[in-house]
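*Asks:* Listed in order, the protein sequences are those of chains Z and U. Residue 823 is where the first sequence ends in the numbering used here, and the numbering goes up by one at each step. Residue 1162 is where the second sequence ends in the numbering used here, and the numbering goes up by one at each step.
Since the hints were made in silico from the structure, they are not lab data. Possibly wrong hints are sitting among the right ones.
Footprint (simulated), chain Z over chain U, 3 or more residues, beta carbon under 8 Å [to be verified]:
1) 1033–1046
2) 1073–1086
3) 1098–1109
4) 1153–1162
A virtual CB, placed ideally from N, CA and C, is assigned to each residue, including glycine.
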Amino acid sequence: MAQNGKPTSKSNGKSNGTRNGDAAPWVGRKLKRKEDPRLIQGISHYTDDLKLPRMLHCVLVRSPYAHAEVGAIRTDAARAVHGVVGVFTAEDVSSIGMVPCAIQMPDLKVPKHPVLATERVRYVGEPVAVVVAEDLYAARDAAELVEVDYEPLHVITNMEKALGNETSYVHEEFRSNKAFTHALKNGDIAAAFKKADRVVKQRMINQRLAPIAMETRAVLAEYLPGEKRLTVWNSTQIPHLLRTQISVMLGLPETAVRVIAPEVGGGFGSKLNVYAEDGIVPWLAMKLGRPVRWSETRRENFASTIHGRDTINDVELAVKKDGTVLGLRVRILADLGAYHQLLTPLIPQLTALMLAGCYKFPAIDIEIQGVFTNKMSTDAYRGAGRPEATYIVERIMDIAAHELNIDSAEFRLKNFPQSKEFPFNTVTGLTYDSAKYQESLKKALQLAGYDALRRRQKNGLKQGKYYGVGVSTYVEICAIGPSAATPAGGWESATVRIEPTGKVTLLTGASPHGQGEETTFAQLIADQLGIDPDDVNVVHGDTLAVPYGIGTFGSRATAVGGTAAYLATQKLKAKLATLAAHLLGAKPGDITIGRRVLTAKGSKKSIPFREVVMAAYTARSIPAGFEPGLEATHFFEPSNFTFPFGAHIASVEVDPETGEVKLEKYVAVDDCGNVLNPLLVDGQIQGGIAQGIGQAMWEELIYNEEGQLVTGTLMDYALPKAHFLPNFTLDRTVTPSPVNPMGVKGVGEAGTIASTPCMVNAVCDALASLGIRHIEMPLKPERVWQAISHAQAAPREPEPLLVGALAASAARKNAQKPARRRT
Amino acid sequence: MKNVTITINGAEQQAQVEPRLLLVHYLREVAGLTGTHIGCETSLCGACTVLMDGRAVKSCTVLAVQADGHKIGTVEGLANGGQLHAIQEGFWEEHGLQCGFCTPGMLMCSHDLLAQHPSPTDSEIREAINGNLCRCTGYEHIVNAVKSAARKMTKRVSARAA
């Protein structure tokens, strides 16, 4: 794909970051990030940058086989390497608990998942031994000398083969490769399909992806036997949940474990997990009485850090000829890999929940089967279930629009709920909080110059030019979430402390890793207290400093963690008002908080913010019963999820000779509710769009029949590069959420969710005149070229299933029209 | 073991190293400069990009012994006495980073680009940082950051000339 020469990026951010006078709120400004100075000077610390006295290095020995019996493991040669301190296998670490899965569902098969493989290995990259040495080079040398006897077994990589005619199993004890079945049915689906003029069917595959945070996973552990304290530095999105799991795996009191997430170099869901190494490295530090550090190589990151997506979807849409959707039937096979990681079985269920998309489906019928294969586990990868759902819905809507010969934007507009219908109850049982789907799509159409694009497309065909316009809308489920719907609590914590000098410390349970919460949370607190963001120090990621928290994932940090900070600040405002009223001889209800000053309404009496704060600490003049100090904690439990939404439009040209796709224009109109910092919201959306386009166009993890990961390096797995992409045209609508007091929704995953179907819709739209209705991702030139070649060579195939009167009318039409080729 | 003398950010350092020691490991583990990151060790991600005699190299595919007698510039050497380099300012002002892990490599790569081409086009910037992967930003703000830096540097050069 070539780059568009003309950058068209624009944004509707409402301020430029400079102060427009004292009254202007900090929230809503394009403020530069507080975290950046240390990052741009190379003086921040990621886990692998930390070095402790007497620190050892460890390297995992991993299985080169996808499925094999593990025989003898010979470690003598490895132990003989100069500098090697120890080599450990499954027997040695048998006291470490299993790698945990947090999901409970009826009939879910949960295999044993030891930190080092015992009798069998079940995927390439599964750890079988660990080598510890004085330096990394010695540890790597020694790891190569560990000899393991493997007896290869039948390898299962194909989900349909794994379920049909089962003769071999990933886990013998289950006598089945099916891990679970999950059904979600609502409305009269039989009637919907009976009433339909047309049933639009398509199988579509959501390929396996690698999250690829630029910082791979890393763990550093130190145990102080005197203090009985295990400290673990870990590149994680969930320090507290990890602390709990480490204490369970190692049988330690949770109070003896401190987890610190230092600078974390991206996660995208891959660090929302608990891995074997998270137990092994602390165990080694305790066993050897010395600090131990492990850093994943990129090769290991591909093979042994969770993957995303990997589903086969059979989709049927029942629709009337006027374009009214009646029902959706979806059958999903979800490739779970060999073991369950923390949330593995949850992800397909999120897909089911979101399959209503932005549309009013009267009936839905979803059945998902989770399948074990000899691959690495799938789990939460940016979007986690929602990109899969949006892809299914937005692709089938586009295919249906083409079949019904209705404009794809019109077709969507017809089936949206109106904004007055919100809160809107979906057929999948969710309540969407607030939205204006029509407004957002119309804005995108206008920005893209949709009508002109369609005209150009039509005219282009006459000159042999294949232009395509992709439309995709989306709704995502964010602010995860009400605790009843989550495995480990869906709330978030915040402690706000105004220190004696008037500086503020925020301790947040959200654990950011690039999202910029040190800045946005400081902005929202600064507005509440009449101070500057620079006066607010945001502390996160240290379980000894911060109250128990859940973490940053699922576009939840601002809507849940930010709200916790906001509400804790409200408690302090009430306390400040009480004290100021006492000091001024006024009523607390009459106190207003201005810029660094508290004023009694109706009088000219005021007192500087710092004096009130100091008075709370000196406590010499406080009202009776007033608790000294200024610290408040709030655990915010959301009443519902939030549902950001938007509309994206891609304009492409496909070269029919080479299959190359040129992305000419990409327009995104997103609505994440109220915006704390437009600069950061744009950054999240741009990054998300790039990642979603990555899935549509280039990225694919391929396991061959032997279960070898064929695209397991950055040479073979095509991550989006700078010159693959144009600038994007961004705009917003703002529909505040009623679920939290700031009206915020979340934005971390939006771009990734919309852009994948948008790109595929655009490419398939460009080639529709050739009879091409669907091409599987990624749309590499080779694959597009093959689709074009097949379309041009293929004999005419029967039209898709037509029902009733429409079938007869279509038959009449076809009799008059030249044959249309289909792939 | 081999003796090497490497000038890092203007300061000459001597050390005894294994011949197979990668420059990136030398910088991080021997010289203690952890601003240069390791993202792949196979020269594909660019996180470890540093300057060798002013030109961008991926320090995971340079041996420390190959840097013997050469000048190495790392991210820690960009700011001058607390004054941020124009490229650093550009990345800060234009939100050219999120998690920050690829950033040191991006900065050093941009440094090389702007030394060769003081006012590159968008397309030239995208080509130049092609060997540096970023998973967070989608690159657009990075392109803006480099353009912003180019404007500042040109302005400062002309101010000095005037």
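*Asks:* Against this structure, judge whether each hint is valid.
*Replies:* Hint check results:
no., hint, result
1, 1033–1046, "holds (count 12)"
2, 1073–1086, "holds (count 6)"
3, 1098–1109, "holds (count 8)"
4, 1153–1162, "violated (count 0)"
Going through the hint list in order, the structure does not satisfy hint 4, though it satisfies all others.
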